[in-house]
Amino acid sequence: MITKKEVQHIAGLARIGMSEQETEKMATEMSAVLEWIDQLKEVNVDGVEPTAHITGMENRLRQDAQSDFDNQTGIVELFPERKDNYDKVKSVL
Amino acid sequence: MFVDSHYIRSFESNIVMIKELHEKLVNKEISAVALAEKYFAIIAEKDKNLNAYLTLTKELALAQARKVDEKIAAGEEIGILEGIPGAVKDNLCVAGVRATAGSKILDNYIAPYDAGVVTSLKEAGAVILGKVNMDEFAMGSSTEKSAYGATKNPVDLERVPGGSSGGSAAAVASGEAVWALGTDTGGSIRQPASFCGVVGLKPTYGRVSRYGAMAMASSLDQIGPITMNVEDAAIILGAISGESKMDGTSAKSPAKDYTQYLTGKVRGLRIGIVREYIDGLGEGPKKSILAVIETYKKLGAEIKEIELPYAKYALPVYYIIMPCEVSSNLARFDGIKYGMRAVDHVNSVLDFVPEDRNLIETYLDSRRFGLGAEVKRRIMLGTYALSSGYYDAYYLRAQKVRTLIKQDFEKAFAEVDLILTPTTPTPAFKIGEKTADPLEMYLADIFTITANIVGVPAISVPGPLVEVDGVPLPQGFQLMAKWFDEENLLRTAHAYEIADKA
Numbered sequence: 005m006i007t008k009k010e011v012q013h014i015a016g017l018a019r020i021g022m023s024e025q026e027t028e029k030m031a032t033e034m035s036a037v038l039e040w041i042d043q044l045k046e047v048n049v050d051g052v053e054p055t056a057h058i059t060g061m062e063n064r065l066r067q068d069a070q071s072d073f074d075n076q077t078g079i080v081e082l083f084p085e086r087k088d089n090y091d092k093v094k095s096v097l
Numbered sequence: 108m109f110v111d112s113h114y115i116r117s118f119e120s121n122i123v124m125i126k127e128l129h130e131k132l133v134n135k136e137i138s139a140v141a142l143a144e145k146y147f148a149i150i151a152e153k154d155k156n157l158n159a160y161l162t163l164t165k166e167l168a169l170a171q172a173r174k175v176d177e178k179i180a181a182g183e184e185i186g187i188l189e190g191i192p193g194a195v196k197d198n199l200c201v202a203g204v205r206a207t208a209g210s211k212i213l214d215n216y217i218a219p220y221d222a223g224v225v226t227s228l229k230e231a232g233a234v235i236l237g238k239v240n241m242d243e244f245a246m247g248s249s250t251e252k253s254a255y256g257a258t259k260n261p262v263d264l265e266r267v268p269g270g271s272s273g274g275s276a277a278a279v280a281s282g283e284a285v286w287a288l289g290t291d292t293g294g295s296i297r298q299p300a301s302f303c304g305v306v307g308l309k310p311t312y313g314r315v316s317r318y319g320a321m322a323m324a325s326s327l328d329q330i331g332p333i334t335m336n337v338e339d340a341a342i343i344l345g346a347i348s349g350e351s352k353m354d355g356t357s358a359k360s361p362a363k364d365y366t367q368y369l370t371g372k373v374r375g376l377r378i379g380i381v382r383e384y385i386d387g388l389g390e391g392p393k394k395s396i397l398a399v400i401e402t403y404k405k406l407g408a409e410i411k412e413i414e415l416p417y418a419k420y421a422l423p424v425y426y427i428i429m430p431c432e433v434s435s436n437l438a439r440f441d442g443i444k445y446g447m448r449a450v451d452h453v454n455s456v457l458d459f460v461p462e463d464r465n466l467i468e469t470y471l472d473s474r475r476f477g478l479g480a481e482v483k484r485r486i487m488l489g490t491y492a493l494s495s496g497y498y499d500a501y502y503l504r505a506q507k508v509r510t511l512i513k514q515d516f517e518k519a520f521a522e523v524d525l526i527l528t529p530t531t532p533t534p535a536f537k538i539g540e541k542t543a544d545p546l547e548m549y550l551a552d553i554f555t556i557t558a559n560i561v562g563v564p565a566i567s568v569p570g571p572l573v574e575v576d577g578v579p580l581p582q583g584f585q586l587m588a589k590w591f592d593e594e595n596l597l598r599t600a601h602a603y604e605i606a607d608k609a
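So the protein lines, in turn, are chains A and B.
Residues 5 to 97 (the numbering used here) make up the first sequence, in order.
Residues 108 to 609 (the numbering used here) make up the second sequence, in order.
One chain only, chain A, in its complex shape (with noise of 0.2 Å):
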């Protein structure tokens, strides 16, 4: 069962703002699915190893090398806010 503190504490880690209603709704439906997953608990996987990349491709090498997207004002033009060419946020610090 995940308290509503709990789900406080991971909406802020995941940047989602949430009512007090919503919040509560939200560790409903988690502990629902969190107590179905623990299903899992019931496999032995001691001595196995854990699978990352299913087909087991090794890493792939490319030169280190820069090259020029080609749609710069593409990118621009999606900035929610915009000053000159640079995206305006809220100050930082």
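Think of the hints as simulated: they come from the structure by calculation, not from any bench.
Hints may be right or wrong, so weigh each one.
Using 20 Å as the maximum straight-line C-alpha spacing, the simulated EDC-like pairs for lysine to aspartate or glutamate come out as follows [unchecked claim]:
1) A:Lys94 x B:Asp499
2) A:Lys92 x A:Asp68
3) B:Lys174 x B:Glu184
4) B:Lys211 x A:Glu10
5) A:Lys45 x B:Asp499
6) A:Lys94 x B:Glu604
Quick caveat: nothing in here was measured; it's all calculated off a predicted structure.
Place chain B on chain A using the hints.
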């Protein structure tokens, strides 16, 4: 009850195949421009009811079509896909075209570049009609979780088309597109294909470049085609597969012509079935899959019972790995670089207006109001499972069980060439039927998720119809093959299709 006539026709002789259209273009029976315009007319008529399309790309389509017509007029040879109209799922980028992925947070997002698959299809001359609906960021099994309204199943407008590639499947099944691209993380191509009575192919993990696809769960995602028949799926796969330097996980597999493997011959191929999967089905779906097994026996394939003891854990494994990867991949949607930003003077969607939001409040509110409930739930689950102290208990354990499931498949594929299962436990459910309980919706993917967990290629093919309340509904069956063995997968799927139509 509404049964679309195109759908009924599709089981008769009137299927519009890519090859057939290609010949009409070559023989100048129809021009590429006229063909594109014909499809826009069909969309204008049908999509009022279906809501499959989110954006139409008429200018792009007609420009592409004109090029094909010029080539034909000049007496040049044209490729098999040149001038063939289709649709692209809205989580794949088409340069200069809106891409929402079914989310409000990307309501105003214009893709600055083409996805790898889109570049490939454009180079092959395929005509892009528009972008199609989906569950928000591909999270859902019914397309009800799109921020732009649900898509309806063309077979029965009261039912869901499946999801998350529901727009893709509905567009193809209703004749609004010849082909469509979808993405599949746990069944999102195959399940809607099964619900709408069309073919859906999830290639081997890495077979197709994911560059320009909005990532959901990176270790599971794959792009693939939805089409009316297996041959068309093979043609599209041939165009979109191959290694790409823009996707570090794309496999070293050369692009090739997959249609050459469609020989109709499956004699001697060994097809594995899992007894519990069939025994657990309701009467209708059970009859459907048993009839498929009979057909394969008649065609000379050898049916063998196999066991996949760990496969029952695929669903819980998925619901750990997927949300963890989702929580990381969706961190980029924060209202800073693109998409919706909750700003002080744009507050129409907010229920309160802070005097002056600081940076953290901008993040919190952009995500709060830009993302839907299912997406938030998965981000939250993933953030929880990856948070300090829980990594070993959840993500690491799930990856270990993933190894055990993979070993199940390695053992099975030592004995058989293919594995046959139903695609879905039931035909399409009704709109609103499963929205209340997230867990119940998740169970719609029980047969499809394993192929993503182990990375093998899988296809859904329409099997015998299943009657629900006296109405015949599509029911697909699924074939899975060894890693990178799309050849036997397509061969076997195609053999059933031609036997069924004979």
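Q. Of the hints given before, which are not true for this structure?
A. Hints 1, 2, 4 and 6 not satisfied by this model.
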